[in-house]
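Protein chains in written order, with the numbering used here: chain A, 2 to 449; chain B, 422 to 689.
I should point out that these hints are in silico values taken from the structure, not numbers from a laboratory.
Be a bit skeptical, because a hint or two may be false.
[Stated by the list, open to error] Cβ pair distances, simulated, as ranges:
| hint | chain 1 | residue 1 | chain 2 | residue 2 | range |
| --- | --- | --- | --- | --- | --- |
| 1 | A | Ile425 | B | Leu662 | 32 to 42 Å |
| 2 | A | Gly149 | B | Val426 | 33 to 43 Å |
| 3 | B | Ser562 | A | Ile427 | 36 to 46 Å |
| 4 | A | Lys310 | B | Leu662 | 55 to 65 Å |
[To be verified] Cut-off 20 Å, straight-line C-alpha distance, at most; resulting in silico cross-link-like pairs (EDC-like, lysine to aspartate or glutamate):
| hint | chain 1 | residue 1 | chain 2 | residue 2 |
| --- | --- | --- | --- | --- |
| 5 | A | Lys384 | A | Glu41 |
| 6 | A | Lys107 | B | Glu432 |
| 7 | A | Lys106 | B | Glu434 |
| 8 | A | Lys420 | B | Glu432 |
| 9 | A | Lys420 | B | Glu434 |
| 10 | A | Lys422 | B | Glu432 |
| 11 | A | Lys106 | B | Glu432 |
[What the hints assert, rightly or not] From the derived model, a few chain A residues whose C-beta atoms are all more than 10 Å from chain B:
| hint | residue |
| --- | --- |
| 12 | Glu102 |
| 13 | Trp230 |
| 14 | Gly289 |
| 15 | Thr325 |
Computed from a predicted model, the values in this text were never measured in an experiment.
Beta carbons: idealized from backbone N, C-alpha and C, even for Gly.
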Amino acid sequence: MIFIKMISLFFILSGNLNQEAEIAELVQLVKTRLNIESVECEYWSLFWVNPEKVVEIDLTSFPIKKDFTFFYQRGNYLMSRILEKSKPIKGANDKPSNLLELLVKKYHQSYQTYNSTQKGIQEDEIKLLNYYFCNEIGAYRLLSFREGQSIPDMVWINSGETENMNPDARSGNPTWLFGQIGFELDTKYNFPEYSPNKSITELLDLPGETFLRKDENYRILIHKTKNPWFKPTTSFGVEPWFSKIIDEYIKFFCFEIWIDDQNNIVQIREVDYFPLLYGKEFVKELCGYDQGLFYPYEVRRIFKFEKFKEFSGGIRIPLKGTITTVKNSIVISNELKSNISTALNDKNDKINASAYRIMSNCFSSQEDYFSVVSLEINPDTLKVNQPIPENTFIAPELTIREDEMPSIERETKDKESYKHKAIIFITGCIVFTLIAMFITRRYFGWGL
Amino acid sequence: MFPYVYILGYEIELYNIFNFLAVCAVVFLGVRWNYRYGPRYTIGLDILFLMAPLAFLLGRIFFYIFLACPGSKMQFFNPERGGSMFLGAFTGGLFGALLYFELKRIPLLQGLEIFFPYFPIGGIFGRLGCFCEGCCYGTMSNALFALRFPKGSPAWVEQASKGLISADQFFSLPVHPTQLYEIGIWIIIALILIPLRHRNPRKGVITLVFLLLYFLNRLVQDFVRADYSKVYFGLDLMQLLALLIIPLSLLGLFFIYRDKWLVRLRLL
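So that you can see chain B by itself, here it is in the shape it has in the complex:
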């Protein structure tokens, strides 16, 4: 939609700016909570120096492994081309944080759970970046809220290359604005996770609820995502992963609260 801003005469991609803001938002809010209400571990914003580069690197590596077509793999080092995959950026950020906690001798899971409730805020920024870039777009739709993306956007390029629109058309055919759907879903996840933390859940619960909600979102949302190719049974990679992660997260939650469940079962 709005891919660039002009800084010092250079066009800088809003996608990159929003992704950086996403990592910053998660870190800033997490560290703030740590000092205001949390365990006051010695975490500073210097954690960004480990999280941001690894998130960028793994996001890009995952993109080239799972999303980019084989012929374009050599574009890995070309800053003009390519993109990022949320799963990779998430994993990279996670590794960065774990490395930081290891160096600062902070308990790993507790350290991570400082940040997890704010991942949805990062997700909102990330998807704003996708919306500006036009990537992560949805399938064609006649729904009232479907949007048309402009010339040069990934949805337009795909439709033009398939001959669905002519090259002189400015707008693509309407597609599901999956980026905006996901922003909505991230808001809901944030509204669940942030209050959940105030109820002092057991160790690991925030992580598992986050994984459960995110992959539930992807399981449903990817039915209207057009940029991921289907792998098996009409499901894409993230949906297949969701089929694995969702039961594991539920199992994990059951395991954490097994004493409560067992008491309830005995009462029955």
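One chain only, chain A, in its complex shape:
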């Protein structure tokens, strides 16, 4: 009997040892694949939202595609987007074929010149929107260059905007493509703290637990750690009872790495497995079932990668990535705010935040998307581990005061302009009517 027990113990231990060895091997593989010091590339980003979940945004302007140039080196990066470039309108379908089209084209060319003058765009001028992230501090700049020049003529930020905001936050971040993930609070709430991304290799080294799960074609490495970005949300002015719920959402950071049979990292998911976080017994008590360590769960973001390009040293970078935000914790919680409030009141506050969180996912570990960002790198422009000058990541000093800035993307001023336009038009109509009324009454006796 003792012999049988010893044998079974031996098998269990050796099984565990085998699994630990496999985990160590996979962690090493991840570190090899992402042994990246610097990256330089051009990429485009496409962003869209789920119309059922995001009702406050005008969906006619989506999806939005933007083109960027990107530089990264040891945590610092620069994302640069051409905003406007003065160039004549060209195209295969460009030649006027009759007098009307000629007139239309002349009119639009003069309108374009007028509009450019209004916006302060000169001939051969390029305007860039740059976001610098250097030594964990972000800064955005609008820059105006003459074509061929390397030093900008003007550097400014838009009126009423803070220097460290990321105006292109919705366009995603290409560091996601090489395993840098992070904890993002919704920009809608303008949380002042930006949480810089951390590499999954760094996150794997943080104290916590690592598990291995196997799917049909994938080996899945799961790591649970304390959320390294955690800051109590009360410090952001969130109401205490609501903060309790939110803090529960962001107390732990749990993610998984999917590795395919080609040893490519094909997917990363920010996912909270409740039995892993809160214990199987607690989940069973609330949900009434025990389905192992990996159910129920809540996925926050899914990073899917494809089209890998290999570099020396076993580094592989995906040329395409699709990042789906499944559950934006703050927004979803806000949607559920009244329900949560009711639930807490009904239970006389006996139900705690983690229990509420588990219960709301017991039977609905849903994965409806909230928003999607698709990033695609131009493979011809991709360079890896080639040194980039450090000053690339340093935001240039502002050269003009706010009140002198050009009018590019000046929403406030544009709104003023629309107001003025409407006032001029309505006033014009009223004055015209009053004059016509006066003349027709005085001379024709109309309306008397």
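Knowing the structure of chain A, use the given hints to seat chain B on it.
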């Protein structure tokens, strides 16, 4: 085609100017006829203060109810966005006029029929506004008279978003210039309605003939309109409405002239 004019350094949309001129033209010509040849009701140009705002408001409301996509409904109060729908503007103008007649104690139908023959003149101005803006455009066509609209116009935006043209092309693919077709049709309607009034038709005839002709025009024309989505049986909202209004107008005309018809029938 030519969306803006520059006034005091501001770009003012020609579409709005033409729409205002459309209402002015209808009112001016109607009031002029009233005093020269008509019943001389005490109607002044102050009627514009009721007609124009209501026409603008209902035109915009109808646009956001029937034409704009759901996501853009919050743009209702944004003067930069949106548009107007003829049916709404027509209904708004009608309400404004009825309100004015009620205040001035003018018989409602007779009052309205002072203006109806000049609606086509307003329609011509309105469609000139559409032509400048590029809205109310037609389906793609290789016909000789098809026109290409410039970059930024609604036809260009639709074709670019569908990938039919690239974003660097200046002109759209040729489309039916439905705005110009309708100007032609409005001229024909005016040539029918204005002489009709001189023959002193019975009360309500001008209104019914106007509705009949306008909706006949829309029933046919909307087969080449690209900006209205089809609702049922490949027909858009205006065509479905036309299928209702045309028989009702004919029935109304028959009812008004029933005595004459009956006499003719008896003679037969």
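Against the structure, the hints:
| no. | hint | verdict |
| --- | --- | --- |
| 1 | A:Ile425 <-> B:Leu662: 32 to 42 Å | holds (36 Å) |
| 2 | A:Gly149 <-> B:Val426: 33 to 43 Å | holds (37 Å) |
| 3 | B:Ser562 <-> A:Ile427: 36 to 46 Å | holds (38 Å) |
| 4 | A:Lys310 <-> B:Leu662: 55 to 65 Å | holds (58 Å) |
| 5 | A:Lys384 <-> A:Glu41 | holds (5 Å) |
| 6 | A:Lys107 <-> B:Glu432 | holds (17 Å) |
| 7 | A:Lys106 <-> B:Glu434 | holds (18 Å) |
| 8 | A:Lys420 <-> B:Glu432 | holds (12 Å) |
| 9 | A:Lys420 <-> B:Glu434 | holds (13 Å) |
| 10 | A:Lys422 <-> B:Glu432 | holds (7 Å) |
| 11 | A:Lys106 <-> B:Glu432 | holds (18 Å) |
| 12 | Glu102 | violated (6 Å) |
| 13 | Trp230 | holds (33 Å) |
| 14 | Gly289 | holds (40 Å) |
| 15 | Thr325 | holds (20 Å) |
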